[in-house]
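Asker: Read off the chains here:
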Amino acid sequence: MADEDDIILSELNDEELVLQMHDDLYDGLKEEIEEGVQILLERGWTPYDVLTKALVAGMTIVGADFRDGILFVPEVLLAANAMKAGMAILKPLLAETGAPRMGKMVIGTVKGDIHDIGKNLVGMMMEGAGFEVIDLGINNAVEKYIEALETEKPDILGMSALLTTTMPYMKVVIDTLKEKGMREDYIVLVGGAPLNEEFGKAIGADAYCRDAAVAVETAKAMVARKHNQL
Amino acid sequence: MRLPDDTALTEAGLAPSARGRVLLIACGALAHEVLAIKRSGGWNHLDLQCLPANLHLWPDRIPAAVEKAVGDAKGYEKVFVLYADCGTGGQLQEKCKELGVEMLEGPHCYSFFEGNDRFARIAEGEITAFYLTDFLTRQFDAFVWRPMGFDRHPELIPMMFGNYTKLVYQAQTDDPALDAKARDAAERLGLAYERRFTGYGDLAVAIDRIGGS
Numbered sequence: 123m124a125d126e127d128d129i130i131l132s133e134l135n136d137e138e139l140v141l142q143m144h145d146d147l148y149d150g151l152k153e154e155i156e157e158g159v160q161i162l163l164e165r166g167w168t169p170y171d172v173l174t175k176a177l178v179a180g181m182t183i184v185g186a187d188f189r190d191g192i193l194f195v196p197e198v199l200l201a202a203n204a205m206k207a208g209m210a211i212l213k214p215l216l217a218e219t220g221a222p223r224m225g226k227m228v229i230g231t232v233k234g235d236i237h238d239i240g241k242n243l244v245g246m247m248m249e250g251a252g253f254e255v256i257d258l259g260i261n262n263a264v265e266k267y268i269e270a271l272e273t274e275k276p277d278i279l280g281m282s283a284l285l286t287t288t289m290p291y292m293k294v295v296i297d298t299l300k301e302k303g304m305r306e307d308y309i310v311l312v313g314g315a316p317l318n319e320e321f322g323k324a325i326g327a328d329a330y331c332r333d334a335a336v337a338v339e340t341a342k343a344m345v346a347r348k349h350n351q352l
Numbered sequence: 033m034r035l036p037d038d039t040a041l042t043e044a045g046l047a048p049s050a051r052g053r054v055l056l057i058a059c060g061a062l063a064h065e066v067l068a069i070k071r072s073g074g075w076n077h078l079d080l081q082c083l084p085a086n087l088h089l090w091p092d093r094i095p096a097a098v099e100k101a102v103g104d105a106k107g108y109e110k111v112f113v114l115y116a117d118c119g120t121g122g123q124l125q126e127k128c129k130e131l132g133v134e135m136l137e138g139p140h141c142y143s144f145f146e147g148n149d150r151f152a153r154i155a156e157g158e159i160t161a162f163y164l165t166d167f168l169t170r171q172f173d174a175f176v177w178r179p180m181g182f183d184r185h186p187e188l189i190p191m192m193f194g195n196y197t198k199l200v201y202q203a204q205t206d207d208p209a210l211d212a213k214a215r216d217a218a219e220r221l222g223l224a225y226e227r228r229f230t231g232y233g234d235l236a237v238a239i240d241r242i243g244g245s
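One line per chain: the protein sequences are A and B, in this order.
Residue numbers for the first sequence follow our numbering, beginning at 123 and rising by one.
Residue numbers for the second sequence follow our numbering, beginning at 33 and rising by one.
Note that these hints are calculated values from the structure, not bench results.
Misleading hints may appear alongside valid ones.
What the hints assert, rightly or not - Straight line, CA to CA, 20 Å or less: simulated DMTMM-like cross-link-like pairs of lysine to aspartate or glutamate:
no. : chain 1 : residue 1 : chain 2 : residue 2
1   : A       : 275       : A       : 307
2   : A       : 266       : A       : 277
3   : A       : 323       : B       : 92
4   : A       : 152       : B       : 183
5   : A       : 175       : A       : 164
6   : A       : 206       : A       : 187
7   : A       : 275       : A       : 265
8   : B       : 127       : A       : 320
9   : B       : 129       : A       : 320
10  : A       : 323       : B       : 126
11  : A       : 226       : A       : 307
12  : B       : 127       : A       : 319
13  : A       : 300       : A       : 269
14  : A       : 206       : B       : 187
15  : A       : 275       : A       : 254
16  : A       : 300       : A       : 265
17  : A       : 302       : A       : 277
18  : B       : 110       : B       : 137
19  : B       : 198       : B       : 158
20  : A       : 342       : A       : 257
21  : A       : 302       : A       : 269
22  : A       : 323       : A       : 297
23  : B       : 100       : B       : 130
24  : A       : 213       : A       : 171
25  : A       : 293       : B       : 156
26  : A       : 266       : B       : 156
27  : A       : 152       : B       : 187
28  : B       : 213       : B       : 226
29  : A       : 293       : A       : 269
30  : A       : 300       : A       : 274
Using the sequences and the accompanying hints, generate a full structural model.
Answerer: The structure is reproduced here in structure tokens:
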């Protein structure tokens, strides 16, 4: 039986429901997010609107509070889990109904690095922003990146590392791209806890992205600039 | 010197005794080991100050904390920083260079306890290993279990540890109780377990060099 204080999602109007979903996402409430997504779809919302207005907007708040030290990794992961559950409902519908395609990204953690929390968050937020994401997983050697770039022909290459011992490998990948004359074909974004802007510049990346939200904004801006040049 | 308990070393660190010509500024996670090496070498002229070990939860704060400690150190002939890079991405090294103080070599304590050369050789074959030292074994709940939220949300364990395959306990001392605790940590994380006695490794080499100079 529901407590008196329990909120019945279906009784909320659209605006209240979206705000409640932001709260539920913040609290990592997976089942509530799934229910909220279903309700909005039943009310005739397009899958794209549910994704951007309810899920991505909510996750952006989570990202901002993580950056400001209000939320920590466990809370972000719970929120990401909830968002992932909502996206699982929306993904097939987005494919059917069509949604703006922003571009394509190949992403993976570098050789020697198995830490993929950041990479997974970036991948999810990029998908939420309308990018097609090809996830190479963890521990990627330069050959794997090159092969994926040649096969997938993305706009963006994203590399992630958590360890100070593995982050120099990003330069190995970028140098190989230069040697093969492929560097200018891709926007290269790098990220990970021990990196900084200076490191990104020093290795020849196009940008260092300190979190998933910055990665999305940077990717959007750079892809738009690239397309304008064509 | 009487050491505060591990919780105090984690959250508050240790103030210097103001006795000694050379100040060692160390991570709180190294306090027991530094004092043991100091005792065995008879290095009475070395004083020890520890910064809170939980700075490792925010590595970007380590350079500023070290800078403050070096600035506050008055009346010593020399200051030595007992930190490795510790996830600062080279920023601690730059800070120490700027301050004119030496620091430990290596990426982190797992490396210098093992011996930096040996660790560099084996690291590539061990990328799915999660390491604990004596201190981290004693403080497993404070450093890993609770900050990662596993006490409240065990469903997060596979998200954070799903890519690891084994827990390596790098033992600085022979202590069956710590061995059992580390084994229990491995079980809780769903990882295979390996105990490896390292002793104090390159930390002893560095402190004995400072003590003897």
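Asker: For each hint, tell me whether it holds in the structure or not.
Answerer: Verification of the hints:
no. : hint           : result
1   : A:275 to A:307 : holds, 9 Å
2   : A:266 to A:277 : holds, 17 Å
3   : A:323 to B:92  : holds, 19 Å
4   : A:152 to B:183 : holds, 19 Å
5   : A:175 to A:164 : holds, 16 Å
6   : A:206 to A:187 : holds, 19 Å
7   : A:275 to A:265 : holds, 15 Å
8   : B:127 to A:320 : holds, 15 Å
9   : B:129 to A:320 : holds, 18 Å
10  : A:323 to B:126 : holds, 17 Å
11  : A:226 to A:307 : holds, 13 Å
12  : B:127 to A:319 : holds, 17 Å
13  : A:300 to A:269 : holds, 15 Å
14  : A:206 to B:187 : holds, 15 Å
15  : A:275 to A:254 : holds, 11 Å
16  : A:300 to A:265 : holds, 14 Å
17  : A:302 to A:277 : holds, 17 Å
18  : B:110 to B:137 : holds, 18 Å
19  : B:198 to B:158 : holds, 9 Å
20  : A:342 to A:257 : holds, 18 Å
21  : A:302 to A:269 : holds, 12 Å
22  : A:323 to A:297 : holds, 13 Å
23  : B:100 to B:130 : holds, 13 Å
24  : A:213 to A:171 : holds, 12 Å
25  : A:293 to B:156 : holds, 18 Å
26  : A:266 to B:156 : holds, 17 Å
27  : A:152 to B:187 : holds, 12 Å
28  : B:213 to B:226 : holds, 12 Å
29  : A:293 to A:269 : holds, 17 Å
30  : A:300 to A:274 : holds, 18 Å
The structure meets every hint from the earlier list without exception.
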